[in-house]
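Each chain is listed here by its residues.
Protein chains: 4
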Amino acid sequence: MSKKLNIVIWNEFRHEKIDPVVTALYPNGIHAFIKDFLKEDENLNVTLAALDDPDQGITDELLEQTDVLFWWGHMAHGEVDDVLVEKIRQRVYAGKMGLIVLHSGHHSKVFKSVVGATGNLSWGRDQKEVIWNLMPAHPIAAGIPDHFTLESEELYAEPFYIPQPDALVFGGWYEDGFIFRSGCCFLRGAGKIFYLQPGHEYCKAYYNPYIQRIIKNAIQWAKPADFGYEIPNGAPQILTKVTDEFNN
Amino acid sequence: MSKKLNIVIWNEFRHEKIDPVVTALYPNGIHAFIKDFLKEDENLNVTLAALDDPDQGITDELLEQTDVLFWWGHMAHGEVDDVLVEKIRQRVYAGKMGLIVLHSGHHSKVFKSVVGATGNLSWGRDQKEVIWNLMPAHPIAAGIPDHFTLESEELYAEPFYIPQPDALVFGGWYEDGFIFRSGCCFLRGAGKIFYLQPGHEYCKAYYNPYIQRIIKNAIQWAKPADFGYEIPNGAPQILTKVTDEFNN
Amino acid sequence: MSKKLNIVIWNEFRHEKIDPVVTALYPNGIHAFIKDFLKEDENLNVTLAALDDPDQGITDELLEQTDVLFWWGHMAHGEVDDVLVEKIRQRVYAGKMGLIVLHSGHHSKVFKSVVGATGNLSWGRDQKEVIWNLMPAHPIAAGIPDHFTLESEELYAEPFYIPQPDALVFGGWYEDGFIFRSGCCFLRGAGKIFYLQPGHEYCKAYYNPYIQRIIKNAIQWAKPADFGYEIPNGAPQILTKVTDEFNN
Amino acid sequence: MSKKLNIVIWNEFRHEKIDPVVTALYPNGIHAFIKDFLKEDENLNVTLAALDDPDQGITDELLEQTDVLFWWGHMAHGEVDDVLVEKIRQRVYAGKMGLIVLHSGHHSKVFKSVVGATGNLSWGRDQKEVIWNLMPAHPIAAGIPDHFTLESEELYAEPFYIPQPDALVFGGWYEDGFIFRSGCCFLRGAGKIFYLQPGHEYCKAYYNPYIQRIIKNAIQWAKPADFGYEIPNGAPQILTKVTDEFNN
Chain A
0 MSKKLNIVIW
10 NEFRHEKIDP
20 VVTALYPNGI
30 HAFIKDFLKE
40 DENLNVTLAA
50 LDDPDQGITD
60 ELLEQTDVLF
70 WWGHMAHGEV
80 DDVLVEKIRQ
90 RVYAGKMGLI
100 VLHSGHHSKV
110 FKSVVGATGN
120 LSWGRDQKEV
130 IWNLMPAHPI
140 AAGIPDHFTL
150 ESEELYAEPF
160 YIPQPDALVF
170 GGWYEDGFIF
180 RSGCCFLRGA
190 GKIFYLQPGH
200 EYCKAYYNPY
210 IQRIIKNAIQ
220 WAKPADFGYE
230 IPNGAPQILT
240 KVTDEFNN
Chain B
0 MSKKLNIVIW
10 NEFRHEKIDP
20 VVTALYPNGI
30 HAFIKDFLKE
40 DENLNVTLAA
50 LDDPDQGITD
60 ELLEQTDVLF
70 WWGHMAHGEV
80 DDVLVEKIRQ
90 RVYAGKMGLI
100 VLHSGHHSKV
110 FKSVVGATGN
120 LSWGRDQKEV
130 IWNLMPAHPI
140 AAGIPDHFTL
150 ESEELYAEPF
160 YIPQPDALVF
170 GGWYEDGFIF
180 RSGCCFLRGA
190 GKIFYLQPGH
200 EYCKAYYNPY
210 IQRIIKNAIQ
220 WAKPADFGYE
230 IPNGAPQILT
240 KVTDEFNN
Chain C
0 MSKKLNIVIW
10 NEFRHEKIDP
20 VVTALYPNGI
30 HAFIKDFLKE
40 DENLNVTLAA
50 LDDPDQGITD
60 ELLEQTDVLF
70 WWGHMAHGEV
80 DDVLVEKIRQ
90 RVYAGKMGLI
100 VLHSGHHSKV
110 FKSVVGATGN
120 LSWGRDQKEV
130 IWNLMPAHPI
140 AAGIPDHFTL
150 ESEELYAEPF
160 YIPQPDALVF
170 GGWYEDGFIF
180 RSGCCFLRGA
190 GKIFYLQPGH
200 EYCKAYYNPY
210 IQRIIKNAIQ
220 WAKPADFGYE
230 IPNGAPQILT
240 KVTDEFNN
Chain D
0 MSKKLNIVIW
10 NEFRHEKIDP
20 VVTALYPNGI
30 HAFIKDFLKE
40 DENLNVTLAA
50 LDDPDQGITD
60 ELLEQTDVLF
70 WWGHMAHGEV
80 DDVLVEKIRQ
90 RVYAGKMGLI
100 VLHSGHHSKV
110 FKSVVGATGN
120 LSWGRDQKEV
130 IWNLMPAHPI
140 AAGIPDHFTL
150 ESEELYAEPF
160 YIPQPDALVF
170 GGWYEDGFIF
180 RSGCCFLRGA
190 GKIFYLQPGH
200 EYCKAYYNPY
210 IQRIIKNAIQ
220 WAKPADFGYE
230 IPNGAPQILT
240 KVTDEFNN
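Chains as they are written, first to last, in numbering that gives the first Met the number 0: chain A, 0 to 247; chain B, 0 to 247; chain C, 0 to 247; chain D, 0 to 247.
Pulled out of the complex, with its shape left as it was, chain A reads as follows (with noise of 0.2 Å):
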């Protein structure tokens, strides 16, 4: 209980340096960002990880460590590393890493392969969005009110072609009259998926207390669970029957 959570928030990192909007609100970078209002956890130990560092920021030793991965991409979905893409996808299905996939990161091919979907979507401009809260009893919502207004938020429309989630929690209203599926869990293999799509790089939506918040509790609930016994990799002949235990 008293280890500490090891967060890896990994970044495309490209807007930032090439736009001066983006790098005006997120000077050192989105996950520069996030892991600022993560810091008054003294049981986080999070890391920056961003496209352009060696091995695309995730090492196989880095990633071994890692109990909740972030995903922060958009213009540059094509050059992540399929290989790095499918360790990704079986460490969160063995139950040894919690996923958290940020806004235009529906379309990564993590989200898409680890999920298990197009993740297609209709987008417009930045327009106001409230959030609404759908599961108010969900541990992702502690702490959040029924609903909250982001000022400025690019459009995300349905269709979203997801799967059902396992949980939907909040539900997005935006001016155009157009509604999102704005946070949704999805549980794969023995790992946990959450997907939350405030998040544009032009806009604010990481500065709000309640963006923060929910950021916080997807970290509870997506780190790994405390399992009763080793989650096997790959498919083990069975030598025993279990109604021989019922002679010892």
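Derived from the structure by calculation, the hints contain no laboratory data. Mixed in with the good hints there might be a few duds.
Given that identical chains are not distinguished, each listed pair holds provided it fits within a single copy or across any two copies.
As the list claims (entries may be wrong) - Under the rule of at most 20 Å between Cα atoms (straight-line distance), these lysine to aspartate or glutamate pairs were calculated in the EDC-like manner: (1) Lys127 to Asp175; (2) Lys95 to Asp145; (3) Lys127 to Glu174; (4) Lys203 to Glu244; (5) Lys240 to Glu174; (6) Lys240 to Glu150; (7) Lys34 to Asp51.
Fit chains B, C and D to the known structure of chain A by using the hints.
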């Protein structure tokens, strides 16, 4: 966070008084036995309640302080006061109290009313049951192996006429060729309900350390959430537009 | 397969008699209006029923022949006989009848009892609603576009205190900044329930061809299954072992 | 409605050629055996496909006409072309094709990629399996009794590392003390997937009339929906506001 959880273990408490076999297993009642193995957790404040107590064991004052309610009943389901059942139902739906229904409680007014089910099933002779862990990543499965065996437990057989659970955590195998959905989570209103099948009055399920662990896990899973707002009791009229908030 | 489906459309049928605006929209009642757009389907045998009819419109004989029951109620929920509600609940759970609950029926005894919910929500002024198709592959969404607009519909707002639906087929967007889970499937016992939010007595939702299509689809989805055995009414004792069948 | 459904039964078709026991059971292959019991349905147009056929049995032309694809594979999962797997995945997600995965297909690239799972499980000796009907109201359970027995079937044991199914229709009981989620529905993108566990090449599951009925039901459940619009392939930009439609 440091506030103690108020747990009420309600037990019909009839079998234990009239059947020497049951008395021998649970001399002070099943509820007292459960309280005993919960005592190591200093953050739980456990109260016992029984059908033949005044107010059928649950006064309004007690109910209003209860965070998690256990329910074990069997031979006297019909005697339970409908008004009490409705109060319990409303408190669960309001998200103020979790509910853990044990064994033959599947046919209690409380279970049927709160979950929305007949709770019908078939039943038969006591026999060996193997409990399988179907969702090792679920909080209620924390610390539970892939399977464990109960030497003797009453046969409860599918089809079990419940709505598909929101999470099916455990499945049971029986010697005579039957299976059962033995550990089921339901979400209702803003509250959480867990049903656990083992717990026959003639058997020793509650002596089993894994069953004890499951019950402890279930308390933490079912306890009231940290709501970010007051869950309303009724259907309030909306007098303001969210869009008006945009102008403030 | 060629057997006709017996549909009963139950309507409180009070507003239409006392409010000229409602009378003008639905002169013979909302139930008669629905019957009218169902008449093109020769395989449906539709019966109307109303609160002020003898036996509140539903005799035991009628109920025993009903394959799908519609329920529209609003101002007189409290007058509905609890015994009738329980009969309906049991018939749905037994898988003998589907249930389609319309609009303000979210607060009917039938909905609350069958689904297991308070059905609480917030409500407000009539306004434009956009219905979004969240599960285009669901049978109830057959033939429905990605979205369509209702010129005016009563505002029903989240949080809607229902259990997470087994399928969330439609979501609603409202002018004033609200969203709603507008088309929800629930599985209970061996039966199916569909809740459809549009249908305010002062509005013309039932004139909309997509709403009509949704209602037709819902009948086919909710109708009783072709069960391969008799669903039991109770908890029968098991007198034989499945394992004994192995020796025959 | 009167259009015939195009069914493609893909089979690895290796065991049947090299193992006399399998040849005796399924002389023309498991796929041909399934086609044979489907032939009474005049509305099905069934095509056989095998791994060693040109294009691994599935040309682009064939795939584009396929309404429901069956997949049986075991010893040669690794030989299946990744490009073909991706085409299948996209067609399912687009809602243009249902997918029915049989038995050892749980470890196929197709199942793992489409559903998003490792598909890991444990396995053991052939033995008696009792199939229990957990959702009698589900369309895939139409006409199926509360249970039926397979004289001999390969042991597949929990934990089965799949996401919790959208519907768990059947559960299996095995002599040696194991259970399995034997019939599982998954929704992915706009498509539907059914996994059916019985079907070992050394056993006669496909001879069983209930298994045959389940497969026939699954075709009707998994077939493409009647979409009310074109499911997009990608993430189109939104150029108009829904709210603008209000003014037309």
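Tell me, in ascending order, the numbers of any earlier hints that this structure violates. Going through the list in order, the structure violates no hint and respects every one.
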